[in-house]
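Here is how the chains run, residue by residue.
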Amino acid sequence: MAIKIALAGNPNCGKTTLFNALTGSNQFVGNWPGVTVEKKEGKLKGNKEVVIMDLPGIYSLSPYTLEEVVARNYLINERPDAILNIVDGTNIERNLYLSTQLMELGIPMVMAVNMIDILEKTGDKIHIDKLCKKLGCEVVEISALKGTGIQKAADRVIELAKQKQSMKLVHAFAPEVEARIEQVIDLIGNDIPEEQKRFFAIKLIEKDDKIADQMKQVPDIQNIISLMEKEFDDDTESIITNERYDYISSIINECCTKNKEKKLTTSDKIDRIVTNRWFALPIFAAVMFLVYYVSVTTVGSWATDWANDGVFGEGWNLFGINSLHIKGVPEYIEAGLNAIGCADWLRSLIIDGIVAGVGAILGFVPQMLVLFIFLAFLEACGYMARVAFIMDRIFRKFGLSGKSFIPMLIGSGCGVPGIMASRTIENDRDRKMTIMTTTFIPCSAKMPIIALIAGALFGGAWWVAPSAYFVGVAAIICSGIILKKTKMFAGDPAPFVMELPAYHMPTVSNVLRSMWERGWSFIKKAGTIILLSTIILWFLMSFGWVDGSFGMLEAEQLDSSILASLGNVLAPIFKPLGWGEWKMAVAAVTGLIAKENVVGTFGILFGFGEVAEDGAEIWGMLAGSLTAVAAYSFLVFNLLCAPCFAAMGAIKREMNNKKWFWFAIGYQTILAYVVALCVYQIGTLLSVGTFGVGTVVALLLIIGFIYLLVRPYQESKTLKVNVASVK
Amino acid sequence: MVKEGEPNIIKKVGGKEETRKFLANLGFVTGGIVTVISQMGGNMIVNIKDSRVAIGKEMANKIMV
Numbered sequence: 001m002a003i004k005i006a007l008a009g010n011p012n013c014g015k016t017t018l019f020n021a022l023t024g025s026n027q028f029v030g031n032w033p034g035v036t037v038e039k040k041e042g043k044l045k046g047n048k049e050v051v052i053m054d055l056p057g058i059y060s061l062s063p064y065t066l067e068e069v070v071a072r073n074y075l076i077n078e079r080p081d082a083i084l085n086i087v088d089g090t091n092i093e094r095n096l097y098l099s100t101q102l103m104e105l106g107i108p109m110v111m112a113v114n115m116i117d118i119l120e121k122t123g124d125k126i127h128i129d130k131l132c133k134k135l136g137c138e139v140v141e142i143s144a145l146k147g148t149g150i151q152k153a154a155d156r157v158i159e160l161a162k163q164k165q166s167m168k169l170v171h172a173f174a175p176e177v178e179a180r181i182e183q184v185i186d187l188i189g190n191d192i193p194e195e196q197k198r199f200f201a202i203k204l205i206e207k208d209d210k211i212a213d214q215m216k217q218v219p220d221i222q223n224i225i226s227l228m229e230k231e232f233d234d235d236t237e238s239i240i241t242n243e244r245y246d247y248i249s250s251i252i253n254e255c256c257t258k259n260k261e262k263k264l265t266t267s268d269k270i271d272r273i274v275t276n277r278w279f280a281l282p283i284f285a286a287v288m289f290l291v292y293y294v295s296v297t298t299v300g301s302w303a304t305d306w307a308n309d310g311v312f313g314e315g316w317n318l319f320g321i322n323s324l325h326i327k328g329v330p331e332y333i334e335a336g337l338n339a340i341g342c343a344d345w346l347r348s349l350i351i352d353g354i355v356a357g358v359g360a361i362l363g364f365v366p367q368m369l370v371l372f373i374f375l376a377f378l379e380a381c382g383y384m385a386r387v388a389f390i391m392d393r394i395f396r397k398f399g400l401s402g403k404s405f406i407p408m409l410i411g412s413g414c415g416v417p418g419i420m421a422s423r424t425i426e427n428d429r430d431r432k433m434t435i436m437t438t439t440f441i442p443c444s445a446k447m448p449i450i451a452l453i454a455g456a457l458f459g460g461a462w463w464v465a466p467s468a469y470f471v472g473v474a475a476i477i478c479s480g481i482i483l484k485k486t487k488m489f490a491g492d493p494a495p496f497v498m499e500l501p502a503y504h505m506p507t508v509s510n511v512l513r514s515m516w517e518r519g520w521s522f523i524k525k526a527g528t529i530i531l532l533s534t535i536i537l538w539f540l541m542s543f544g545w546v547d548g549s550f551g552m553l554e555a556e557q558l559d560s561s562i563l564a565s566l567g568n569v570l571a572p573i574f575k576p577l578g579w580g581e582w583k584m585a586v587a588a589v590t591g592l593i594a595k596e597n598v599v600g601t602f603g604i605l606f607g608f609g610e611v612a613e614d615g616a617e618i619w620g621m622l623a624g625s626l627t628a629v630a631a632y633s634f635l636v637f638n639l640l641c642a643p644c645f646a647a648m649g650a651i652k653r654e655m656n657n658k659k660w661f662w663f664a665i666g667y668q669t670i671l672a673y674v675v676a677l678c679v680y681q682i683g684t685l686l687s688v689g690t691f692g693v694g695t696v697v698a699l700l701l702i703i704g705f706i707y708l709l710v711r712p713y714q715e716s717k718t719l720k721v722n723v724a725s726v727k
Numbered sequence: 001m002v003k004e005g006e007p008n009i010i011k012k013v014g015g016k017e018e019t020r021k022f023l024a025n026l027g028f029v030t031g032g033i034v035t036v037i038s039q040m041g042g043n044m045i046v047n048i049k050d051s052r053v054a055i056g057k058e059m060a061n062k063i064m065v
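Protein chains in written order, with the numbering used here: chain G, 1 to 727; chain L, 1 to 65.
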């Protein structure tokens, strides 16, 4: 029989570090069913019989956040054999609040007091033996970061789990409160195991509305509650909270000796500067510039060029030496296929379809990994939490939270990890809004489109690229304001409360692990959704009717392909946007696979097999078939419309709901259409003076848009997370 | 208004029940000691029970000291 051990503790108490130290690489990461809360499970290093479950970081077992409900339902229903409760020794009072609740569950528990190395430095002391006696559970000292004591903690908790004795509760509240709890316990039916009754009784007294879902028969204790409230002149939940803190203070007084000299900690000193009202934004801008500069323009672009043009292109030279030339992956595959005498169509599928499509995506992996290292470092050292705090003031104004900034920043590299980063936003409404708007920021794959349009029609004007970012930011701000006023998102914005972890130097392995987790989920996506969609698109592009017979086409015959027929159907839709030719429609569709495909598709459509990244060869032809205004409209549409399949997959996963997924995609596409339409119609009116039905429609749309922006704010309460449905 | 760096005793926590409960879980209870570390346009970073917590303006206004 495997032993199940749950790891529970506050956020930022070093739980994940301990989990990684205990399990090494034997981890399985997934989602808790029905919610986007990460579920991590792992096997103990050196003992495969022991399964460790990393519960989400929580402050209590109350029902106010998804994490709390998930953790508590797991503890009640799955009943792990033991709990390893991690407690941050530098912040023991707040951490013990959760511990007192965990102990009431009757599950054997070992407490691990973490950050013992920092305690030694500050001169504070925790008397483990006294704490042990007072709490009635085993207590061990550990330092998860340095690895001290963790083996002992693991041994103790396994031993305890094997004994299978339920926890004996030592702590007691004030006699009056205890008497009431006893009364409620007597009323609880036998569907609740004896050792859990106290937990349920307290939750019932606290008027916890989610606890009834876990019980077969709910006793009516209304009269007990009202008696108690009269007795204490307070509401029952506050009574219990106060009782807990009173009890904790009594423990603290006896078991901890604090260093008398109360001086500001290093973290406080850093915060004084980093979150100072004058220095905060400049420091933040400098950090972001550095991260961006290194990961996107220098090391990043070098890595991307190497991956895109080298590994998935013409090959590369080891250490830059010509004689050490290593061929690109496509060359190897082509050689291999030729050697086995592969059929032409299959070779085309593999080389032009799969390798080109998936390779284009994988080419971004090195750059993303560089960006992820920085982000993982900023997160682990504690600065990311401060960023959310600094940006909150600004983002609040258009209905987003300060935490939305991080996804958008990552999204400027690639939308997929950007959308995934939205997980850190607890508030459901803020998170959904962030997921919907993150991809408006031009990602690195949209750069070639911008370069193409700027080069072909605007003579490489300097302002085109910044204007694309401006369009993206404006789309986010306007969407924030408009969506906040719709029924779906209305309501008070979630108040900003966030614990700021103490600054500390993260370990190399933790940073690398976090980088790899994100990078890997991106690579997996490239291997599934993108692989499938490239095959479909390849088929649509390579087959068609020539001279009345269906068959495979030469690259130059693309205008007879199935895709071209589809393009002809779609083209009229884009006519009002100024680019109603089937080639443009097809290019926009291929952009769904990966945005930089738009340029490549133009290359093929205009009869050039291969074009440079910015499509310099086709500038002339493109300029001949589009006006400048139409080209800008095309650019805007491609920037704002539904992102590539990979990002759509990420949206679907993070929304975890079909309706919301389609709403997000639909909103993005409609917004893109409307904005592109207005750009073209108004632009044409101003430049050529054409006035027609389209112009009127555009003007009406602008008026409607302005109305949506400035209309009064409506109060509504429809958007509520249904926590009860979380199993 | 509170001064930075000075410990204050919480007299009352106001606001909606849900947010009040969440604050209580973080240690913001009547009688608790809270120290403001820094302020930015009404948003604050405070020290409560030895941990640092960032709270928005609306929240901060509901904690009376």
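Do not take every clue at face value.
List of simulated lysine-lysine pairs, DSSO-like, C-alpha gap at most 27 Å [as the list claims (entries may be wrong)]: (1) L:LYS3 to G:LYS207; (2) L:LYS3 to G:LYS210; (3) G:LYS162 to G:LYS4; (4) G:LYS230 to L:LYS57; (5) L:LYS62 to G:LYS258; (6) G:LYS484 to L:LYS57; (7) L:LYS16 to G:LYS121; (8) G:LYS397 to L:LYS62; (9) G:LYS125 to L:LYS57; (10) G:LYS484 to L:LYS16; (11) G:LYS258 to L:LYS16; (12) L:LYS11 to G:LYS207.
To be clear about the criterion: a stretch of chain L counts as covered by chain G if any three or more of its residues have a C-beta under 8 Å from a C-beta of chain G, and this derived list gives those stretches [as the list claims (entries may be wrong)]: (13) 21-29; (14) 44-52.
Some chain G residues well away from chain L (every beta-carbon gap over 12 Å; in silico) [said to hold, decoys possible]: (15) ASN26; (16) TYR59; (17) GLN165; (18) GLN217; (19) ILE240; (20) ARG244; (21) ASN276; (22) ARG277; (23) ILE390; (24) VAL497; (25) ALA502; (26) ASP547; (27) GLY548; (28) GLU554; (29) ALA642.
Worth flagging that the hints you see were computed from the coordinates, not collected in a lab.
Glycine included, C-beta positions come from ideal geometry on N, C-alpha and C.
Contradicted hints - numbers only: 1, 2, 4, 5, 7, 9, 11, 16, 19, 20, 21, 22, 23, 24, 25
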